[in-house]
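There are 2 protein chains.
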Amino acid sequence: MGPGKSIIFFDEGIADRKLLGGKGAGLAEMTKLGIPVPPGFTITTEVCRLFYKGGERLPDGLMEEVRRAMKRLEELTGKRFGDPENPLLVSVRSGAAISMPGMMDTVLNLGLNDRVAEGLARATGDERFAYDAYRRFIQLFGKIVLGVEESLFNRALEEIKRERGAEYDTDLDAEALKELVKRYKAIILERLGRPFPEDPYEQLEGAIAAVFRSWNSKRCVDYRRQFKITPDIADGTAVNVVAMVFGNMGPDSSTGVVFTRDPATGEKGLYGDYLPNAQGEDVVAGIRTPRPIQELEAESPRLYRELVEISERLERYFKYPQDIEFTIERGKLWILQTRNAKMNAAAKIRSSVDMAKEGIISKEEAILRVEPEELEQLLHKRVDPKFNGEALAVGVPASPGAASGIAVFDADEAERRHRAGERVILVREETKPEDIHGFFASEGILTSRGGKTSHAAVVARGMGKPCVVGCSGISIDPVERLFRAGGVVVKEGDLITIDGGSGKVYLGQVPLVEPELAGGLPELLAWADEFRRLGVRANADTPEAAALARKFGAEGIGLCRTERMFNAPDRLPVVVEMIMAEDEAQRRAALGKLEPMQKGDFKEILRAMEGLPVTIRLLDPPLHEFLPNVEELLRSLEAAKGKPDEEERLRRMLARARALAEVNPMLGHRGVRVGVTHPEIYEMQVRAILEAAAELAREGVAVKPQIMIPQVAMAEELEAVKRIVDGVRADVEGRYGVKLDLKFGTMIEVVRACLMAGDIAKYAEFFSFGTNDLTQGTFSFSREDAENKFLPKYMERGILAFNPFQTIDKGVARLMAICVQEGRRTRPDLEIGICGEHGGDPASIEICHELGLTYVSASPYRIPVARLAAARAAIRRRGAKGAAGLA
Amino acid sequence: MGPGKSIIFFDEGIADRKLLGGKGAGLAEMTKLGIPVPPGFTITTEVCRLFYKGGERLPDGLMEEVRRAMKRLEELTGKRFGDPENPLLVSVRSGAAISMPGMMDTVLNLGLNDRVAEGLARATGDERFAYDAYRRFIQLFGKIVLGVEESLFNRALEEIKRERGAEYDTDLDAEALKELVKRYKAIILERLGRPFPEDPYEQLEGAIAAVFRSWNSKRCVDYRRQFKITPDIADGTAVNVVAMVFGNMGPDSSTGVVFTRDPATGEKGLYGDYLPNAQGEDVVAGIRTPRPIQELEAESPRLYRELVEISERLERYFKYPQDIEFTIERGKLWILQTRNAKMNAAAKIRSSVDMAKEGIISKEEAILRVEPEELEQLLHKRVDPKFNGEALAVGVPASPGAASGIAVFDADEAERRHRAGERVILVREETKPEDIHGFFASEGILTSRGGKTSHAAVVARGMGKPCVVGCSGISIDPVERLFRAGGVVVKEGDLITIDGGSGKVYLGQVPLVEPELAGGLPELLAWADEFRRLGVRANADTPEAAALARKFGAEGIGLCRTERMFNAPDRLPVVVEMIMAEDEAQRRAALGKLEPMQKGDFKEILRAMEGLPVTIRLLDPPLHEFLPNVEELLRSLEAAKGKPDEEERLRRMLARARALAEVNPMLGHRGVRVGVTHPEIYEMQVRAILEAAAELAREGVAVKPQIMIPQVAMAEELEAVKRIVDGVRADVEGRYGVKLDLKFGTMIEVVRACLMAGDIAKYAEFFSFGTNDLTQGTFSFSREDAENKFLPKYMERGILAFNPFQTIDKGVARLMAICVQEGRRTRPDLEIGICGEHGGDPASIEICHELGLTYVSASPYRIPVARLAAARAAIRRRGAKGAAGLA
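Read top to bottom, the protein sequences are chains Z and R. Those letters in the first sequence? Residues -9 to 877, per our numbering, in order. Those letters in the second sequence? Residues -9 to 877, per our numbering, in order.
If we strip away everything but chain Z, and leave its shape as in the complex, we get (with noise of 0.2 Å):
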């Protein structure tokens, strides 16, 4: 035997989840407490480890510990093991320091033999009672301990079943259930050519080595394997012995199982059901209709204050609402198990709330207590989960939520019907930057093709409205304006829903249940805004969507995105005159038409978001992105045959799409680059953020625009465009009387960036990290390819643990740490924020907050996220190493 001790009974007072295993420990630590647990003892998990040493033998000289435990044990119930006059019967159950449930072997009812069996007939007076105990003891021994196909036993069941006409296994009566027991022991003979073991102490041992030898069995290491549960954190079973207690010996006797708060509101008080004489295994079958346990309270008004008290001393002592089975046997209450209850995240807040308040739990502690991705199921529509229709089709799940409407197949029509005050979903084969009036107009959108990086998954996440994408199974067909999915045929004006969440698209319209928004979740975030030490920003691009982020607690708009103004029907043509224009006049003349639209939108955030700062980030796209692509226009040309001017105009275009043509996009004429070599256009942006500023600045409107530059890689670029700035501020200033709260940044998301961060903070007074561009460049990853390409095999194979562009790779976040520094090196109080998608995602706000920035930036949607997620880090990070730590 090994140096410690190989058994512990429950009342030692010794209460450690590695060596007990987690049920051990629960029992121990419940005894302590005075609770009525049945007596018995736990075989420690550092047995099990000897097991395996050994060749899966028990050790040397465990036996006789066993039987010295179980005199203890005889002497602490009163009865005696394999005595028939007062017999006591044990459950032999596994409990390893990780919960692994139903995985490994538990035997009940131990200790029965014939003539066992016969004396607990008569002590219990109930002789259907001891054979039933009996027989389903033989068959779970068989089974588990003596390796008998279970389906022998079964069969024998059903036919003695079938002679006797019995309908239930209930309607067995005790003769009936004695001849079983024959039958039971005949297929143990029959197979292993050996009785079955008459002696309880044979018995015992058999279970013991069994439920060790069930540590190691296939399902249990592959569940370790995809659980990644590694031997520093659970290394062997330990095995528990305890006296059976029955809650079916009678009317007085019961067994149920209660939570201390409703797992699926979190609302306090007992919740649970109760069977009258009955065992565990009589609910699962579900032949009798449990009872809600407060008809307890009628029946017996002691034994219900004594649960009720059990179960707030449970929770209080374990601090998390607790999901406990009971036994009463003949009038006496026994606790068999006490666990953290499994609830959802709606009862999940409301009691750890609940329990904050109460002084069960710290502030700290609830705030702890909920996943911040628990929050998003709460903050849309979804399908009632009670719901089990069968879906259309399922495609990737883009942005969550579920929404109702009638398939409508292009834009232009989805404008009408809205309009005419029909709810629409907008079902294309992909979307563009000309169907956006199509999103206003929808309340989700459904395509057949992109993934979760596609322009209609983008637009709607921004928006948040539910989106599913890359819906293989829907093959649409826009001239005969319907789509196709099995068997079915969905035409234009037929009812569809469709659920973001899951990727799923029903037919017609599925019940919906609204977000929940009470239920102590405005209370949670309160909290949470005291402890986090990061900002919280929206990336929001219209007064609507401004608006929404403020409702859900943003301080401000971290990424106002302008290109997407571009793109409004009114507009789009004169961006398309501008990007046609043979030199820089007449490019003046289309940005002049443009310049007060922009002014417009800008006055409308800024108004909507008074008091708090406003980021505008300029024309990021590359101007191509505004033309009609080459394959379609060339379609265009074919049409426009026989009209000379039309002709000319497309042939004008098509030239044009051809000389600005990149071979990678992504890495091309855009942003910054743009803003250098077609300085007029930043010009006209800044003077439409300068000049709405003035305004309503004068209206007496506090407002505190930010302008950001995208995709810088040098300060000579920054520089470059600060003196645009700064000449259209002073000329502002100068004409409207007004000093302007100004501040000039940059969006960080060029590698060169982060490098060189020292030299552009001269001329920026903020960064905010484009992570996901940061991301591209730092792994020469593009996004669109890798996700639809080598991604997912990259992550089947685990090369990568993670996708990158959702949670900030260590690389990235190495970059951004070497930013931060040197940034913060020459301009101490830079502010320095997120905006990329990595700033709703919960891994990543730690990094963030760990690297020390200022805010970070999320859709409206995720703000609740994101608030949460950041006071989770600074109670998580307090004391722990900074930004100094990862450069």
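Identical chains blur together in the list; that is why a pair holds if it fits in one copy or across any two.
Pairs of lysine-lysine residues, derived as DSS-like cross-links and limited to a Cα-Cα distance of at most 30 Å, are as follows:
#1 K752 / K800
#2 K712 / K218
#3 K422 / K371
#4 K752 / K218
#5 K218 / K800
Everything labelled a hint here was simulated from the structure, so no lab data went into it. The structure displayed is predicted, hence computed values, not measured ones.
Here the structure of chain Z is known, so what remains is to put chain R in place on it, guided by the hints.
Here is chain R on its own, set in the frame of chain Z:
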């Protein structure tokens, strides 16, 4: 006046360039050496600064100092300023710390007035000489000091020549020149309302101020801006007042210019010409033919010896071949100026090597004297510099060297004609991988489209073949098989010449000169090898290129690209078959056909580089590069109508090409990403390499293959490929019974690989920087797009000081430094090279030296450049900070 002395005489032994300017310091230096220099003094640059501080006025008291200095000059010359009997005339010359040839003003013959001119005529007995000097002085003084338009003087000169029937100026006699002086003076009186100043000191004061003023003339300011001459380099001009000497005082006077070594060949010995009885101007006017300097020996052995002796002393003193101006005045030799001679590359190399052998300079100085880029012009055939025929068109010079041949318009024709013994130039709109056999068959390549990184440019450079790309001045008609340029039509078979150094395209055969490898270059490179610490390897994909590289001194192959081998016409169909495979089995079958071909390639290259390392990069480009593009396929499909089998084949290929298409191929599914998703491709290549090596090893050939993986971003990728290599290696070593001398390593061309170098070095025995891709990732610039679109504007606007794709940028260098540090921390003996095009760029090689790289790898023709650059870096960087400083 300021604290220092304002005036310093040449004989004071002070030769401070910053204070005295280059000319003054040179004259002082020569005076110190006892060289006969006309006496004189320098008014310092400090006075110039005071001149500007005081609002363009000479400082108080300066003219008193000048008067005192003139007294001393009178003593030194025995002549008197303004004295008609024995007049002292002076030149007033500019001279800044940095030479700005021709930018500032000079006044000669100052001190002449009516009386002095008459006296000079008497004293020299040469009235014509005296009045010629006088009228030249008035003209120069009038223009420079008084600001009278030069055209007025020229008109007066032309008038008098017409009146006197004189053809040349020299046809005017003394009387006519006297008359001209009168008219000049009348012009000045009329223009200024005051007469020409007869007082020599008034003249001197005016001239000094005029020279100072010329420092801030527009052309001077522009020049300084252009050449980045900032005040810390040169701040103001000095003024040199020098006693005049005259080479036109009779037959025992002369003037000339000599070099101490032939500036065209570097051959040692006096080289130059002189003109008896003449002034410098007469040489420039070109009326009389100068005599070779050797004739002076016959005329006056004493003066010739004196000149030789002084030349040698000056060269030894300045340790550089000198360019010397001299005047002989009545038998007395005066040296007026000496400066370092301008030489072509051949002369520079030869003279530097000779001077080192003569003990004048050290080997290090010889190495530092030759710019590595200068070697390039010696290593290729080039158009005879004397040829000045007109070019048909000018394109982008993409690969140096000149070639003549008949124009052919496709690769197959090129091959046919080449086989028939003709020399051909391949002319295409642009080239594709499938044109590769045309490259092999051609002397040079000309395209009408594409830039320095187009396929044609890259492939031609790799092969060392002359290439002109993007020659938009020619319009190619591939159907008619001709091109037009200006009015000329060049048909297939017509002879043309291209110059890849200048981008020029000529009609017909143009005289070419052979590369000069002699003249000290081998010695210089041998010395360079003694000093350099960087190894030099070659980028070579063929046995021929490998042999050439070895001849040029390569110490191995740093980059052998395997995809080029895939493009050969006999292999491309098999590669396409591999790509079109429906499953792994089909793919393996196609790969099985490729394997022996690749093995053959590797055997030849490994054999050519016996004893030296050969780094072979596994497949890098995305697979779709080997398929025809979608547009081509659509055209082919159109053409295949009615042939169902062909249509079906093309349709399948089109589907595959569409499936493989990428938005940003540069960042797409390529390199190790293909190696990970299709491991059978890398496995085939590894097997081909290792079997080639094993077969040679059994023959007794010493081979050192190095397997290199492209595009690695993660240690996990490299680990996955290493498992393949280890497996194949064990198999091959076992089957052949040899132990291979093999290294396994990776390209470092992805930003993340630099940041995670410590992890990656666990699996890599060597790193090789691919700085082209690394620069793309660091800047988020697609090179192809950037160089055609915004990069030129960036350079023009000074946002980029140089093209980062030619010279390593500091941001990229910083990443490299991080990589070197962390890689070597994991594996101290890590071999680190560079194989991007930067490996042949001298400025980048210096950075590589500083970073502590093991070697650079460059195209064969750049090997000598790299050897020299590496030595220069080692010499210059002695004792400088290492890589740590950059990180």
